[in-house]
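Trainee: Given these sequences and hints, build the entire structure.
One-letter residues, chain by chain:
There are 2 protein chains.
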Amino acid sequence: MARSPYRLPKIPEMTIRRLSVYTRCLLQLEEDGVKTISSQDLAERFSLNSAQVRKDLAYFGEFGVRGIGYYVSGLKAELQRILGLDREWPVALVGFGNLGSALFHYKGFARQGFRIAIVVDDDPEKIGRQVDGVPIVASRELGRELKARGVQIAILAVPPEAAQPVTDQLVAAGIKSILNFAPARLRVPRDVRLKHVDLSIELETLSFYLAKGAR
Amino acid sequence: MARSPYRLPKIPEMTIRRLSVYTRCLLQLEEDGVKTISSQDLAERFSLNSAQVRKDLAYFGEFGVRGIGYYVSGLKAELQRILGLDREWPVALVGFGNLGSALFHYKGFARQGFRIAIVVDDDPEKIGRQVDGVPIVASRELGRELKARGVQIAILAVPPEAAQPVTDQLVAAGIKSILNFAPARLRVPRDVRLKHVDLSIELETLSFYLAKGAR
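Protein sequences appear in the order of chains W and H. Just so you know, we're using the numbering used here here: the first sequence kicks off at 49 and counts up by one. Just so you know, we're using the numbering used here here: the second sequence kicks off at 49 and counts up by one.
Just so you know, these hints were derived from the structure itself, not from any lab. There may be inaccurate statements among the hints.
The list treats identical chains as one, so a pair stands whether inside a single copy or across any two.
Cut-off 30 angstroms, straight-line C-alpha distance, at most; resulting in silico cross-link-like pairs (BS3-like, lysine-lysine) [stated by the list, open to error]:
no.: 1; residue 1: Lys243; residue 2: Lys83
no.: 2; residue 1: Lys155; residue 2: Lys243
no.: 3; residue 1: Lys243; residue 2: Lys124
no.: 4; residue 1: Lys224; residue 2: Lys58
no.: 5; residue 1: Lys83; residue 2: Lys260
no.: 6; residue 1: Lys195; residue 2: Lys155
no.: 7; residue 1: Lys155; residue 2: Lys83
no.: 8; residue 1: Lys224; residue 2: Lys103
no.: 9; residue 1: Lys174; residue 2: Lys155
no.: 10; residue 1: Lys174; residue 2: Lys124
no.: 11; residue 1: Lys260; residue 2: Lys58
no.: 12; residue 1: Lys260; residue 2: Lys155
no.: 13; residue 1: Lys243; residue 2: Lys103
no.: 14; residue 1: Lys260; residue 2: Lys195
no.: 15; residue 1: Lys195; residue 2: Lys174
no.: 16; residue 1: Lys174; residue 2: Lys224
no.: 17; residue 1: Lys124; residue 2: Lys260
no.: 18; residue 1: Lys103; residue 2: Lys58
no.: 19; residue 1: Lys124; residue 2: Lys224
no.: 20; residue 1: Lys224; residue 2: Lys260
no.: 21; residue 1: Lys243; residue 2: Lys195
no.: 22; residue 1: Lys195; residue 2: Lys103
no.: 23; residue 1: Lys155; residue 2: Lys58
Mentor: Here it is, written out as structure tokens:
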């Protein structure tokens, strides 16, 4: 039988995002010595929606056991595998100013297997230096360096006006996944996955509730 | 008739988050000179779900006009008002290391009306100095300074081991909204709203697709 390209349902991006959240919840439960948990208890403990949890997980298989719920460690390992967190991802950090430097030292990336393998910055003061053993290279060396280090993901932390030219260089170098911290609208080809991080969105949830309380 | 406490449906936090996203989409449309848009076109253009858009907006009123759709500028202004973005919020930035410094210079906050009014750091080298006109104060001065400046929101960018003690100080000083960038689990009283920002979640959506492609 021919393999159908439609065999898997399209998985919403919000489902992927929630898998990351579930993984963190399961990590906490594991730290707390919890062995099994029902979807109801999981939902209650972390303010999730239990129907949503079941629906999200159902895209990937049948993880619950009747009368027991989920095995915490087993489900965590499964989700990590699904998210590609069972391996290390060498990452390029592009831009080594304030934000780039903060992201370089951000502990959360390495803990999930994202290792910054190369830093890219065109400041002549920085090129050729190393930071914690990681070389800083100029953007014109991008193509060669990314290939040599097997980098498939780039984190963009350059000023807004540099974001598009640098993105074009990354795309030309074969990068298919970009996490953009620059407050700029970027154009990429259809086969490149671009995620935009907007830090002020989180603040807006807070101001919503403050404004609501003041009304 | 007595005012019922149940008169408004509970609004899911994801709805609030999506209002922020819609506001950004409407801003882009406004910049591009678009005057009106249907929920279908809005959804298509920004990869949203049109039923979700209508459901989210329905919590707050009837914004669509039959045969026209939404008025871009009008809806944008309404959503900004709902999100509390029609006013300025003085914010305290706690921690002025790498990440704190990056957040201080992050353009996205000010653009949405979040103005860093005070920086808190216990480094004796930093206390008493100013950064771009904003004073740096010690954490023991928190209570007085936050009150004097009308600060209701704090951004936490301290090392993980300092996060809980600093949070306790913020809570004691009357802060009810905290945006936490420290990779640490924090305990707060029930009336304090704590949002945790985990920058690696965004990377995990990318690794999911890369891992999926490699399978």
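Trainee: Let me make sure I understand: some of the numbered hints might not hold for this structure. Which ones are they, in numerical order?
Mentor: 10, 22 and 23
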